[in-house]
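So the chains spell out like this:
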Amino acid sequence: MDHNDILASLFAIVDEIMECGQDKLTGRTRVMQDLACESIDLLEIGARVAQAFHIRVDDDAMFLRSLRTKIEASGQGADAKTVIAEAYPWLSLGRVQEMADSLAEGTPLLRLDDVAAYVAHCLGQR
Amino acid sequence: MHRDCVVTGLGLVSSLGWNQDSIARALREDLTGFAESRALPGQAVCPVRDMGDDAPFAFLSSWRFRRYLSRPAFLSVLAGLRAATDGAPEGLPADCALVGTASPTLDFAREKTLPPGDGNLLDALWLLRWLPNTALSALSRLLQIHGPGLAVGSACASALDALGEGMLRLRHGMAPACLVACGDSRLSSGGLMGYAKASTLSQEPDPLQASRPFDRQRSGFVPGEGGAAFLLETSAGAEARGAKVLGHLLGYAATMDAGSLTAPDPDGRHAEAAVRKAISDAGLDPSDIAWISAHGTGTALNDGIEARMLARVFPDPKPPVTALKSWTGHCASACGAVETALLWHASQIGILPRIRSLENPEPNDLRLVQGTHAPFPKGPGLVENFGFGGQNAALVVEFC
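Residue numbers (the working numbering), protein chains in the order written: chain A, 1 to 126; chain B, 1 to 400.
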């Protein structure tokens, strides 16, 4: 199952929960900003991802919920890119860089591509 | 400080209709929702076929969190949105209180993935469809109100208890307004099974004749469904914002039988106490009551006890007695709100509804409205409901 296959399934799941229309979704869609997901939605998406891909989903990891906490916990002077790359090894180097850059602007921008990458990572570990 | 309680908004979804026109037509032309159940063939039920086509219904039908609303909760929320729109289209005060009822569906058949099925297929938050306060949580969010919230669970007395609680909250200055929203439906296979096992359902094969309170041929109740909501506030508050007053809540009382877990007290002593206390709470005497809306389930046990109790309380000339479950079936925990709302609509067209299917009343001293509708009397009226577990509630109201 490649990235696009995973994304296609993910779009169906997100559309079921958010009722936003699959045609509106791309891998670059920002989960919190573009879809206005609430915590209750993330719970449902997480449950359905686990069901659809037969994987055990760690919501905290898949939705990068603790990213800022992890960086803060690593102390001053720690390189954000290194922390992100170690905590979320399924993210590409390009996405790690984007995440680190976005930290200065506020909340890191989780995209559906990131969720699909997490799923691929879990599938690869089975 | 005694603060009076007025109704300034009303919302309804019922098998007789949801607005003045549909309800007036149903009452005048005997258009009811009684039909044979699909979930339990041979059993009469009374479903809501038309929830209406107004803005609250359109909104709620496409609200993406509707998946978490059981059917009772959907009915409750819809009625609540309607009452808020009706009474305060400019918005409710942020510290408005919220009281209501919305039972879980008991709809086990819909929850196909409950264990021993594959529990992984359930919604992550499927339990919201079973929690009693989900409807209130939804209304709080949708109407952006933050006052005290309370989900009432006193069986078939719940809605009158909710209205009474709302009234008391205003009296005691706990909130400037209170939205009371109630909804219930037990028409699913799980709901019907519960009542069937308890041998409380009507045995009458003709659905149109199955709900017959106070009739000698009555054989049980007919499950119905519906929702009703009321926006309550003090008359001073209503006057200050120029709100139209639809009616007054004058008195309320509740008691418990302290007896059977299901059957009512055989002498109706504690139901009688609730009625007398509610009338006294309103500052009235039984002789002041101009009309009565009986619980009138159509079960052999309830109606006899209720008729004897009413005969004891009310002196001659007795006020006319209607029984709306003959029109809607039994809306379970929401019945008191649905019946009160329907009576308000009936009062606006001057009709105190006849008791349907009442052909051979059991001998009693009551003035049952039989055969044709009666004129709706001016003056205060009594609405009473009695629930499983010996829960008795009585409310004294007067409509404008």
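Derived from the structure by calculation, the hints contain no laboratory data.
Heads up, the beta-carbon is just placed ideally off N, CA and C, and yes, glycines get one too.
Each hint should be verified, as a subset may be incorrect.
Said to hold, decoys possible - Here are the simulated distance ranges between beta carbons:
| no. | chain 1 | residue 1 | chain 2 | residue 2 | range |
| --- | --- | --- | --- | --- | --- |
| 1 | B | Asp95 | A | Ser102 | 36 to 44 Å |
| 2 | A | Ala36 | B | Ser280 | 49 to 57 Å |
| 3 | A | Ala36 | B | Ala58 | 44 to 52 Å |
| 4 | B | Phe59 | A | Asp5 | 35 to 43 Å |
Right, here's what the structure says about each hint:
1. The hinted window of 36 to 44 Å between B/Asp95 and A/Ser102 holds, with their beta carbons roughly 39 Å apart.
2. One distance hint, 49 to 57 Å for the beta-carbon pair A/Ala36 and B/Ser280, holds here, with the actual separation near 53 Å.
3. Roughly 21 Å separates the CB atoms of A/Ala36 and B/Ala58, a value that falls outside the hinted 44 to 52 Å.
4. In this structure the supplied range 35 to 43 Å holds for B/Phe59 paired with A/Asp5, their Cβ-Cβ distance being about 36 Å.
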